[in-house]
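Asks: Residues per chain are reported as follows:
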Amino acid sequence: MLRYSRAKIAAVLLLVVAGFVYAAPSLMSPETRTALRDATPGFLPSWLMPHQAIVLGLDLQGGSHVLLEVDSAAVLKTQVATLRDDMRRILRDEKIALAGGLAVLPRGVSVRITDEAERARVVPKFRELVTPTSSIMGGGGQAAMILVEEQDGLVTLSITIAGVTEKIRKAIDQAIEVLRRRIDALGTTEPNIQRQGIDRILVQVPGLQDPKRLKDILGTTAQLEFRMVAEGNASSPDVEMLPQTEANQPPLPIEKRVIVQGEDLIDAQPGFDQRTSEPIVNFKFNIRGAQRFGTATSESVGRALAIVLDKKVISAPRIQTAITGGQGQISGRFTVEAANNLAILLRAGALPAPLTIVEERTVGPGLGQDSINSGKIAAYVAAVLVIGFMFVTYGLFGFFANIALIIHVVLIFAMMSLIGTTLTLPGIAGIVLTIGTAVDSNVLIYERIREEARQGRSMIASLEAGFTRAFATIVDSNVTMFITAAILFFLGSGPVRGFAVTMVFGIVTTVVTAVTMTRMMIALWYTRARPQKLSF
Amino acid sequence: MKLLRIIPDDTSFGFMAFRRLSFPFSALISLISVGAFFAIGLNFGIDFTGGTLIEMKTLTGKADIASVRTAAAELDLGDVEVQEFGNQGEVSLRFGLQPSGEKGQQAVVERVRATFGKDYEFRRVEVVGPRVSGELVQSGILGVVLSIIAVLIYLWFRFEWQFAVGAVIATLHDLVLTMGFFAITQIEFNMTSIAAILTIVGYSLNDTVVVFDRIRELLRKYKKMPIAELLDLSINSTLSRTVMTSVTTSLALLALMLFGGSVIKSFSWAMIFGIVIGTYSSIFIAAPVLIYLGARVSGDGQEATSETADAPQSTVR
Numbered sequence: 001m002l003r004y005s006r007a008k009i010a011a012v013l014l015l016v017v018a019g020f021v022y023a024a025p026s027l028m029s030p031e032t033r034t035a036l037r038d039a040t041p042g043f044l045p046s047w048l049m050p051h052q053a054i055v056l057g058l059d060l061q062g063g064s065h066v067l068l069e070v071d072s073a074a075v076l077k078t079q080v081a082t083l084r085d086d087m088r089r090i091l092r093d094e095k096i097a098l099a100g101g102l103a104v105l106p107r108g109v110s111v112r113i114t115d116e117a118e119r120a121r122v123v124p125k126f127r128e129l130v131t132p133t134s135s136i137m138g139g140g141g142q143a144a145m146i147l148v149e150e151q152d153g154l155v156t157l158s159i160t161i162a163g164v165t166e167k168i169r170k171a172i173d174q175a176i177e178v179l180r181r182r183i184d185a186l187g188t189t190e191p192n193i194q195r196q197g198i199d200r201i202l203v204q205v206p207g208l209q210d211p212k213r214l215k216d217i218l219g220t221t222a223q224l225e226f227r228m229v230a231e232g233n234a235s236s237p238d239v240e241m242l243p244q245t246e247a248n249q250p251p252l253p254i255e256k257r258v259i260v261q262g263e264d265l266i267d268a269q270p271g272f273d274q275r276t277s278e279p280i281v282n283f284k285f286n287i288r289g290a291q292r293f294g295t296a297t298s299e300s301v302g303r304a305l306a307i308v309l310d311k312k313v314i315s316a317p318r319i320q321t322a323i324t325g326g327q328g329q330i331s332g333r334f335t336v337e338a339a340n341n342l343a344i345l346l347r348a349g350a351l352p353a354p355l356t357i358v359e360e361r362t363v364g365p366g367l368g369q370d371s372i373n374s375g376k377i378a379a380y381v382a383a384v385l386v387i388g389f390m391f392v393t394y395g396l397f398g399f400f401a402n403i404a405l406i407i408h409v410v411l412i413f414a415m416m417s418l419i420g421t422t423l424t425l426p427g428i429a430g431i432v433l434t435i436g437t438a439v440d441s442n443v444l445i446y447e448r449i450r451e452e453a454r455q456g457r458s459m460i461a462s463l464e465a466g467f468t469r470a471f472a473t474i475v476d477s478n479v480t481m482f483i484t485a486a487i488l489f490f491l492g493s494g495p496v497r498g499f500a501v502t503m504v505f506g507i508v509t510t511v512v513t514a515v516t517m518t519r520m521m522i523a524l525w526y527t528r529a530r531p532q533k534l535s536f
Numbered sequence: 001m002k003l004l005r006i007i008p009d010d011t012s013f014g015f016m017a018f019r020r021l022s023f024p025f026s027a028l029i030s031l032i033s034v035g036a037f038f039a040i041g042l043n044f045g046i047d048f049t050g051g052t053l054i055e056m057k058t059l060t061g062k063a064d065i066a067s068v069r070t071a072a073a074e075l076d077l078g079d080v081e082v083q084e085f086g087n088q089g090e091v092s093l094r095f096g097l098q099p100s101g102e103k104g105q106q107a108v109v110e111r112v113r114a115t116f117g118k119d120y121e122f123r124r125v126e127v128v129g130p131r132v133s134g135e136l137v138q139s140g141i142l143g144v145v146l147s148i149i150a151v152l153i154y155l156w157f158r159f160e161w162q163f164a165v166g167a168v169i170a171t172l173h174d175l176v177l178t179m180g181f182f183a184i185t186q187i188e189f190n191m192t193s194i195a196a197i198l199t200i201v202g203y204s205l206n207d208t209v210v211v212f213d214r215i216r217e218l219l220r221k222y223k224k225m226p227i228a229e230l231l232d233l234s235i236n237s238t239l240s241r242t243v244m245t246s247v248t249t250s251l252a253l254l255a256l257m258l259f260g261g262s263v264i265k266s267f268s269w270a271m272i273f274g275i276v277i278g279t280y281s282s283i284f285i286a287a288p289v290l291i292y293l294g295a296r297v298s299g300d301g302q303e304a305t306s307e308t309a310d311a312p313q314s315t316v317r
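Note that the protein sequences, when read in sequence, are chains P and V. According to the numbering used here, the residues represented by the first sequence are 1 to 536, in order. According to the numbering used here, the residues represented by the second sequence are 1 to 317, in order.
These aren't lab readings, by the way, just hints derived from the structure by calculation. On a predicted model such as this, the values are computed, not experimentally measured, just so you know. A hint or two may mislead.
Pairs of lysine to any residue, SDA-like flavour, derived with a Cα cap of 25 Å [as the list claims (entries may be wrong)]:
#1 V:Lys62 with P:Asn373
#2 V:Lys103 with P:Lys376
#3 V:Lys103 with P:Asn373
#4 P:Lys533 with V:Thr115
#5 P:Lys212 with V:Trp156
#6 P:Lys533 with V:Lys103
#7 V:Lys2 with P:Arg519
#8 V:Lys2 with P:Val384
#9 V:Lys223 with V:Trp156
#10 V:Lys103 with P:Ile168
#11 P:Lys170 with P:Ala120
#12 V:Lys103 with P:Val384
#13 V:Lys103 with P:Thr335
#14 V:Lys118 with P:Asp370
#15 P:Lys376 with P:Gly494
#16 P:Lys376 with V:Lys57
#17 P:Lys212 with P:Arg333
#18 V:Lys2 with P:Val392
All chains, full assembly: derive it from the sequences and hints.
Replies: Printed below as a string of structure tokens:
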């Protein structure tokens with residue numbers, strides 16, 4: 001009880017000092033932190049010299065949390081369409097004429113080839129489609145497609161669940177890349193973009209007053225196509241009617257054939273038309289795009305060329321001369337911001353599939369600051385009340401418990417800064433709550449000491465018994481709290497998870513501070529003062 | 001210095017005798033809670049119902065709640081709940097799920113912004129779609145169920161099964177009463193409330209475990225003592241701790257409730273309620289249940305005879 005090796009005392013002191021050092025940056029101003037980081041010699045690893053403040057959640061610093069979901073049906077639809085095109089190409093290459101044509105099923109394509117010889121030629125080619133080209137991402141050996149051949153010559157290729165999932169996963173990967181480029185172009189600080197589950201992307205952007213622009217940028221697929229406006233027969237199967245982006249304009253008949261796509265763009269910049277000074281977007285094609293665009297425009301001088309974005313016609317200017325330089329401009333009665341957005345979208349590329357916003361949580365910076373302030377006040381008031389109460393009840397021992405309590409809070413902050421977990425408003429509530437519960441361990445010990453003393457044990461024996469007997473109880477009672485907090489951590493999201501984090505950290509540190517540190521303080525005090533009886 | 005003592009030393013209250021009162025009483029308020037849960041229902045927040053919540057603060061002096069209400073109703077976006085809160089002209093608007101799906105949800109925000117954007121600062125915007133809210137309901141229920149199972153298993157390992165059952169009965173009791181509290185007060189029930197419930201579960205168990213630990217210890221010590229007397233002794237000897245911890249935790253929660261802001265306020269209310277019933281249930285439900293389950297510590301009574309010698313008669317009396 002009384003003897004502590006120097007090494008043990010040093011270890012505890014080191015922990016306390018480290019706690020203060022790692023928690024300190026959170027109290028500094030951002031300028032001081034930057035200065036501190038710049039002053040750190042380069043050969044020291046960054047974790048050794050802490051300059052990392054605690055990360056504030058979006059509910060405290062203000063910002064937007066947007067959860068996007070990929071349109072799985074659309075992904076499957078494109079997948080089936082690609083499959084159909086592949087099969088059609090094979091059939092064409094093998095010069096097989098079909099009586100019935102290709103039948104598109106919800107999750108596959110089937111074709112009836114009655115001639116056995118023809119079937120023998122085609123089916124191996126189909127099988128090549130089925131065998132995945134890259135087996136690394138094959139989803140643990142599960143086939144992405146299966147081929148079924150029936151007695152009457154019906155051949156069906158269907159996409160398996162694993163195949164669809166894999167496609168969605170890839171679409172999400174691609175979409176994350178595209179979104180990152182788009183958001184970076186917005187120039188916001190420290191966006192966080194991450195996959196969530198199979199088919200979702202979480203985007204967190206701090207400090208936006210109005211997330212409308214962010215949402216516009218996130219929610220647009222940005223599939224750009226240059227297509228001819230149809231002349232004459234608008235009811236031909238190769239023509240479709242597309243609406244215009246500008247309000248109150250009639251839909252236009254547009255040829256289905258795409259001349260050049262957005263993926264052939266290498267640059268897009270907002271600018272102004274030299275004659276009308278209207279906002280426009282200037283673009284540049286790559287070599288392939290420039291060639292195709294050049295050929296198409298020189299063949300169709302005098303016709304109207306439609307610029308189509310996500311199945312809507314932005315504008316359909318008449319081709320004056322052949323455009324062979326690979327450069328052009330899009331005008332469409334844009335506002336400056338709309339031209340800016342379009343340029344960003346075109347530069348970042350199209351999303352592989354449409355994304356829908358399924359959840360949005362935005363907190364304005366004003367509310368965030370208010371929450372920080374009220375959280376601080378609540379924490380101070382709670383600390384003063386608890387510290388006062390402990391002192392009034394246990395006197396000197398209460399004072400020891402209070403020192404442990406302060407170190408406990410410091411250690412929570414240090415752990416959060418070090419690991420980089422986010423502090424949210426419920427997280428602050430969690431810390432305040434642990435101020436109330438952390439002293440529980442001390443209360444358990446002290447009450448036990450008093451009990452033992454009342455039963456006539458000597459002072460030192462009571463202290464010894466109090467600490468050892470209460471310890472099992474402290475562990476048991478904290479494990480139950482820990483279990484519920486841990487479950488909350490795994491199931492909760494966002495701010496609530498922040499609450500669970502502080503609770504978990506609080507439970508861990510309370511055992512260290514309330515048990516080990518108080519015990520050490522009491523032991524040091526006892527060896528100096530040698531009191532004859534308990535002071536409480 | 002004269003130190004504060006809330007609970008005098010060596011109390012010997014007959015808690016177990018109270019079970020004839022406390023069991024019917026708990027049964028009654030549990031029934032009321034269940035009744036309120038089904039009759040009144042919970043005031044679910046948009047986390048669980050889906051929909052749109054907008055909090056805004058006036059830029060010009062005082063909020064004109066009546067005109068906000070009219071303007072919001074004119075938007076024709078289904079049922080809208082308009083509430084004034086705080087004391088600085090803060091107004092919250094709550095819209096239900098829109099029939100037109102996720103796109104419709106987003107349109108709500110845009111239209112509200114267009115209507116009120118001039119005169120109000122938008123402080124909080126939350127849009128939860130139907131699928132997300134469904135998942136949140138699932139994970140909320142799952143969380144509560146999982147934690148009860150996990151704790152049951154832990155207590156079963158650490159104690160005898162009777163203790164685990166007693167703790168879980170007490171916890172379910174607290175859970176039912178807390179739901180009743182949410183139903184009767186109509187405090188909004190959202191993800192933060194789930195956090196409150198899980199914390200209440202954790203706290204109530206923590207309290208129960210402390211009492212149980214002492215019961216187990218005394219069971220080993222006094223093999224011959226009648227169980228009711230032994231339970232009374234255990235509770236009495238841990239009573240000052242139970243009260244002390246309830247006080248410190250309540251002090252912290254009081255600070256949160258008064259100064260923590262509107263989001264934290266309802267959480268703190270629920271927690272304070274939970275602390276009170278958690279403490280009550282550890283003493284008046286969890287412990288007396290052991291009488292009926294016939295709790296005894298397994299193993300032979302060899303050590304008991306030697307230990308009874310120094311049994312402090314003063315505390316048993």
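Asks: Evaluate each hint against the coordinates.
Replies: Do the hints match the structure? See the list:
1. V:Lys62 with P:Asn373: Holds - the C-alpha atoms of Asn373 of chain P and Lys62 of chain V are around 23 Å apart, at most 25 Å.
2. V:Lys103 with P:Lys376: Given pair Lys103 of chain V, Lys376 of chain P is violated - Cα atoms ~38 Å apart, limit 25 Å.
3. V:Lys103 with P:Asn373: violated (36 Å)
4. P:Lys533 with V:Thr115: violated (73 Å)
5. P:Lys212 with V:Trp156: violated (53 Å)
6. P:Lys533 with V:Lys103: violated (73 Å)
7. V:Lys2 with P:Arg519: Holds, because 23 Å separates the two Cα atoms, which is no more than 25 Å.
8. V:Lys2 with P:Val384: OK: Lys2 of chain V and Val384 of chain P at ~20 Å, within 25 Å.
9. V:Lys223 with V:Trp156: Distance ~21 Å between Lys223 of chain V and Trp156 of chain V Cα, so the pair holds.
10. V:Lys103 with P:Ile168: Satisfied, since the Cα-Cα distance of roughly 21 Å is no more than 25 Å.
11. P:Lys170 with P:Ala120: Violated, at roughly 33 Å.
12. V:Lys103 with P:Val384: violated (49 Å)
13. V:Lys103 with P:Thr335: holds (23 Å)
14. V:Lys118 with P:Asp370: holds (22 Å)
15. P:Lys376 with P:Gly494: The given pair, whose Cα atoms are some 20 Å apart, holds under the 25 Å limit.
16. P:Lys376 with V:Lys57: The hint holds at about 22 Å.
17. P:Lys212 with P:Arg333: Satisfied, since the Cα-Cα distance of roughly 20 Å is no more than 25 Å.
18. V:Lys2 with P:Val392: Measuring from Cα to Cα gives roughly 8 Å; hence the hint holds.
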